[in-house]
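Peer 1: So the chains spell out like this:
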Amino acid sequence: MTTQMFGAPIRRKEDPRLLTGGGRYLDDLGQHALAAAFVRSPHAHARITDIDVTDAVDVGGIVAIYTWEDLPGKVAEPLPLLIPHPTLTHGRTGYALARDEVNHVGEPVVMVVATDRYLAEDACQRIRVDYELLPVVVGIENARDGAHLVHEDAPGNVAAHMVQETGDVEAALATAPHTLTLDLAIERSACMPMEGKGVYARWNDEDGELRIYSSTQTSTGVRAAVAAKLELPLAKVECIAPDVGGGFGVKIMHPWPEEVLVPWAARLLKREVKWAEDRREHFISSAHERGQLQKVTVGFDDEGRVLGLDVKFWHDNGAYTPYGIIVPIITSTQLLGPYKPGAYRCEFWSLYTNTVLVTPYRGAGRPQGVFAMERTMDAIADYLDLDRAEVRSRNFILPEEMPYDHGLLFQDGRPLKYDSGDFPASLDKLKKLVGWDDFEAYRAEAEAEGRKVGLGIGCYVEGTGVGPYEGGHITIETSGRVNVATGLTTQGQGHQTAFAQIVAQELGVPIEDVHVTTGDTRKMPYAVGTFASRAAVMSGNAIALATRNVKAKALRIAADALEVSEDDLEIVDGVVQVKGAPTTSMPLGTVAVLSNPLRYAFDDAAKAATQFAGTFDPDKPPVADDEEPGLEGRDFYSPTQATFANGMHAAIVETDPVTAEIRILRYCVIHDCGTMINPMIVEGQVHGGVAQGVGGALYERMAYDESGQLLNASFMDFLMPYASEVPHIEADHLETPSPLNPLGIKGAGEAGCIPVSAVIASAIEDAEGFPITSMPISPVELWELRQRHETGELPSLRHHHGQHQTAAAPSRDQEPTA
Amino acid sequence: MTDMTTEQLLDVTVNVNGVPRTASVPARRLLSDFLRHDLQLTGTHVGCEHGVCGACTVLVDGKPMRSCLMFAVTAQDHRVTTVEGLCDAPDARPCATGERMNPVQQAFAECHGLQCGFCTPGFLTTVTAYLEENPAPTQDEAREAISGNLCRCTGYQNIVKSVLRAAEIRTERLGEDGGEAGYAAAPAARHTSSSANGGERA
Ligand code: FES
Ligand code: FES
Chain A
471 MTTQMFGAPI
481 RRKEDPRLLT
491 GGGRYLDDLG
501 QHALAAAFVR
511 SPHAHARITD
521 IDVTDAVDVG
531 GIVAIYTWED
541 LPGKVAEPLP
551 LLIPHPTLTH
561 GRTGYALARD
571 EVNHVGEPVV
581 MVVATDRYLA
591 EDACQRIRVD
601 YELLPVVVGI
611 ENARDGAHLV
621 HEDAPGNVAA
631 HMVQETGDVE
641 AALATAPHTL
651 TLDLAIERSA
661 CMPMEGKGVY
671 ARWNDEDGEL
681 RIYSSTQTST
691 GVRAAVAAKL
701 ELPLAKVECI
711 APDVGGGFGV
721 KIMHPWPEEV
731 LVPWAARLLK
741 REVKWAEDRR
751 EHFISSAHER
761 GQLQKVTVGF
771 DDEGRVLGLD
781 VKFWHDNGAY
791 TPYGIIVPII
801 TSTQLLGPYK
811 PGAYRCEFWS
821 LYTNTVLVTP
831 YRGAGRPQGV
841 FAMERTMDAI
851 ADYLDLDRAE
861 VRSRNFILPE
871 EMPYDHGLLF
881 QDGRPLKYDS
891 GDFPASLDKL
901 KKLVGWDDFE
911 AYRAEAEAEG
921 RKVGLGIGCY
931 VEGTGVGPYE
941 GGHITIETSG
951 RVNVATGLTT
961 QGQGHQTAFA
971 QIVAQELGVP
981 IEDVHVTTGD
991 TRKMPYAVGT
1001 FASRAAVMSG
1011 NAIALATRNV
1021 KAKALRIAAD
1031 ALEVSEDDLE
1041 IVDGVVQVKG
1051 APTTSMPLGT
1061 VAVLSNPLRY
1071 AFDDAAKAAT
1081 QFAGTFDPDK
1091 PPVADDEEPG
1101 LEGRDFYSPT
1111 QATFANGMHA
1121 AIVETDPVTA
1131 EIRILRYCVI
1141 HDCGTMINPM
1151 IVEGQVHGGV
1161 AQGVGGALYE
1171 RMAYDESGQL
1181 LNASFMDFLM
1191 PYASEVPHIE
1201 ADHLETPSPL
1211 NPLGIKGAGE
1221 AGCIPVSAVI
1231 ASAIEDAEGF
1241 PITSMPISPV
1251 ELWELRQRHE
1261 TGELPSLRHH
1271 HGQHQTAAAP
1281 SRDQEPTA
Chain B
14 MTDMTTEQLL
24 DVTVNVNGVP
34 RTASVPARRL
44 LSDFLRHDLQ
54 LTGTHVGCEH
64 GVCGACTVLV
74 DGKPMRSCLM
84 FAVTAQDHRV
94 TTVEGLCDAP
104 DARPCATGER
114 MNPVQQAFAE
124 CHGLQCGFCT
134 PGFLTTVTAY
144 LEENPAPTQD
154 EAREAISGNL
164 CRCTGYQNIV
174 KSVLRAAEIR
184 TERLGEDGGE
194 AGYAAAPAAR
204 HTSSSANGGE
214 RA
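Residue numbers (our numbering), protein chains in the order written: chain A, 471 to 1288; chain B, 14 to 215.
Please keep in mind that the hints were generated in silico from the structure rather than gathered at the bench. All C-beta atoms in this analysis are idealised placements derived from N, C-alpha and C, irrespective of residue type, glycine included. Keep in mind that the hints are not guaranteed to be accurate.
[Unchecked claim] Partner residues are not named here, just some residues of chain B that face chain A (Cβ under 8 Å, in silico):
1) T95
2) D104
3) C108
4) E123
5) Q128
6) F131
7) L137
8) G168
9) Y169
10) Q170
11) N171
[What the hints assert, rightly or not] Footprint (simulated), chain B over chain A, 3 or more residues, beta carbon under 8 Å:
12) 863-869
13) 1179-1187
14) 1192-1200
[As the list claims (entries may be wrong)] Selected chain A positions facing chain B (in silico; Cβ < 10 Å):
15) R481
16) K483
17) L489
18) D497
19) D498
20) G531
21) D586
22) L589
23) D638
24) E640
25) M662
26) E982
27) G1154
28) V1156
29) V1160
30) V1164
Could you put together the complete structure from these sequences and hints?
Peer 2: Rendered as structure tokens:
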């Protein structure tokens, strides 16, 4: 048997290259390409009255300047609305260059192409655009009150209004022994990959062909979108995602204006053109996410069991909706987590504001949903004076209830049906890891030292690996080299290693012989993209199926050549051999030679496959009727539904009694993503997710002023965590294989960040003794909450266990309605 | 109006990775752009262009500097080491796939200290210089040492481990001269559930 590869913490194959300066990121390519730069709107909402480029044309090195007026045909039409939905009744998208109105600061208005980026930016500074200012809508409250409109033809600023319901919520709430209502808020953050976006296009005029490199999460998507915009046959366009310096969601959105304009200009100018986004551009013209206001009403019994849950929320979708309403749909469905909600109704409004558009950021609506649900669980526990973990476990869906159908539609339009998971086991592991039952003793100790500590918890379920499909393609060369291609892209997930592990294991070859290519439409033109924690599930399984095909073919050919039965053969270390008699054998490379009968001998291996070499049956064609030449296999994996991963986090925080500084003392993670291909990589994904979650809980927010200016559009002002801000993460895993796919895999990419805001809010609330309803939270905000709490404006928790509570203050409870 | 076509070019010579390299550039050319685009040493990355993220960190006369905050002309006649140059360090060793890696590079590979790899060159140069001064850091010191560099992928857990492991490899290699460092499909140094026991109790 070849060394166990699947499930082992194999070191990454991509690392020696990336560690020695050998990475090839977008801006490393096209060193002699022309450079594009953009004049972007300085206003959040305005009409363009005049554009004057006269001063710019004199700048040396300027090749071209374009405004909307210069754009032909489909390039001048609005960008596509990628994911339509029946409830998205007022979907709007922008233009590649603003036509006559701008709807957020940063919207591209003029494109300059020059011999060098410095010169292109010089020219941008000399272009004068006159604007007539329009009223600006910033913030969900302002969008909701509808006094001013972002788009004149979208009344109330409502892009979409959607309701999903199972059971009779009104009745459930009316008859529930207790009800509570919570008003909650989450602010905007953003993916902020260390590498911004970028596009580099080469037009080959002789062949009429376009090659696009894009720092994207979907090269097939960009290819199709650009071909449509430029009205080119798909066959004349190829798109390659080179090394990509992080994505986290923002690069699944496409086509970005620049992805259309750069290839268009390259074709028009018959020159290579490149644009690499700078950090300010990324802040003001890429996408953000998370901003929501929520209202939760829950009815429950004396044991804390939820009987009815009524959720309303208002989602800030920014200026346009090119990615549809995926984010709020996910919030509304994934909010349910590992729980049975009784009757459930979720109603949301997706609202326009004059801010950067909103598309998925790692977690994609789940952090907000989990925040709503977990705050609710804590509120129930406090109301009934029950242990918070106990309330959760009383509401869990049990393993024997799987598969569990919530009776709702998920983001892929398919039933929200959990395939597997063992939530009680996860909770048990988490409680042990964090020392849940010993916490009160620890709190007492800390209090004796004058310290304030709190314990928080949060649980989530994550639908991962959504369809429609991914593919895998394997070829084995006569040298024994195994080439693997899948169409989705890589932004640091270690696909070259994880997918190679699958192939090495399935085929029985050394991992060193396996070479994986992702995100290159020349190698695999059928693909969807990397999002929704789907790469391992989708491409992993597709590659496994393709490997099984190629292996079957190899065994067929070898069985014929060795004159044995296929069933007696195995492949070990790249050699096909008879089980128990390994001297009767043939290297896979030789099988590859035999698979491809040749006329010409270009090397020794080829010589063996030529028509005069060896014996053959003159009555059979060189390639059998139902075979194809070559040792090659291809297959696709297309599941009927998503597979559901889950996890639970707990944290201990300390809040400074004087300065209100918040410190995470411990952070514990239990994570179940089914079978793991490479636990080292999975754990790395969890670490990175938690760090982004910590950023979202304590530091990161997009600070827009009322005129729609983003005040903190730099790394100086937008506080992304450094190593000093991220706690030591203690992680442990549970492996509940998914019954849905051959490898038992569930996705892992987003998990780490999903419950963090909920967990930290829970822990701060536990430390302070009053409700935390809005995240992120800074020391200043916590300090202000303390002031309001002291004056009695902010009620205490009913049953807080710390000593700092104000006794007998009224709770947030609405008195029982029944 | 200034006629930009006549922007004055200066011959700038910088000793990069032990080799004097010259290019004609305008006075405003950033050192990061000079390295990346004029010398085509694209291992140095630019994440923010304003001195905050550390991705562009190179060693100038052995000291970590943000190359996005320096003009190429300022580096005239100085010694600059980029990530590519770390591979030529005396304590670099070839790995199984052929690349030469210094102890820090080797440690990042062993400890899964990188994901997308974009921030990584800045960490490698920073940590290489740090270990020169502090060859045996504690965990807290290791964390402190990397606290000026942003990484959006790893959550820093494995970077801290990498710093500690790099110190070990560095010490191991101090005594020897040459030889092949292991890099293959070997299990990673430290991984997964082990950390469940590794957390310090608050
Ligand atoms: S690019 Fe120089 S510090 Fe960020
Ligand atoms: S590895 Fe991606 S930013 Fe650090």
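Peer 1: Out of the numbered hints, which ones does the structure contradict?
Peer 2: Violated: hints 2, 12, 23 and 24.
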